[in-house]
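> In my numbering, the protein residues as written are 1 to 127.
Since the hints were derived computationally from the structure, they do not count as laboratory data. Among these hints, one or two may not hold up.
Claimed, not checked - Listed next, the in silico SDA-like pairs over lysine to any residue satisfying Cα-Cα at most 20 Å (straight line): (1) K41 with I25; (2) K30 with P106; (3) K96 with F17.
What the hints assert, rightly or not - Distance ranges between label pairs, derived from CB positions: (4) W103 with K82: 37 to 47 Å; (5) T29 with I9: 16 to 26 Å; (6) P35 with P78: 17 to 27 Å; (7) N109 with K8: 14 to 24 Å; (8) K82 with Y122: 25 to 35 Å; (9) N125 with S37: 39 to 49 Å.
Yeah, the Cβ is synthetic: ideal placement off N, Cα and C, and Gly gets one too.
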Amino acid sequence: MTRDEIMKIVEAQNVNFFRLQFVDIFGFTKNVAIPRSQIGKALDGQIMFDGSSIDGFVRIDASDMYLKPDYDTFVVMPWRIKDGVAAARIICDVYKSDNTPFWGCPRNNLKRVLAEAKEMGYTMNVG
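Start from the sequences and build out the full structure, keeping to the hints where you can.
Listed below in structure tokens is the structure:
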């Protein structure tokens, strides 16, 4: 899915709230909820959050984190449609303020391990 396709769905389905989901180092799903006016900024990976507020992430002096969305995980949540207004979610990777992958993001770690395995000639199949 592309950014433009997501924006068309947001318009067509009247998405007013957007949840940027990520996973903490303990495997718990967290999210940052944003209003419609911030969706473009979110899709460009420009939404920040305070990583020190998440257990196990970072100290207060290194706490600015970015949420980089995975467009293929975008979905309008059907149970959140009411009176013609919808909410959607997208799963994100966590990046540090210097735009490098955060070591405590399980998605980033899986991508790193899969790349290392591929270099050794291994592949992973799920399902």
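> Give a verdict on every hint.
Quick rundown of the hints versus the structure:
| no. | hint | result |
| --- | --- | --- |
| 1 | K41 with I25 | 25 Å, violated |
| 2 | K30 with P106 | 12 Å, holds |
| 3 | K96 with F17 | 25 Å, violated |
| 4 | W103 with K82: 37 to 47 Å | 39 Å, holds |
| 5 | T29 with I9: 16 to 26 Å | 22 Å, holds |
| 6 | P35 with P78: 17 to 27 Å | 20 Å, holds |
| 7 | N109 with K8: 14 to 24 Å | 33 Å, violated |
| 8 | K82 with Y122: 25 to 35 Å | 47 Å, violated |
| 9 | N125 with S37: 39 to 49 Å | 41 Å, holds |
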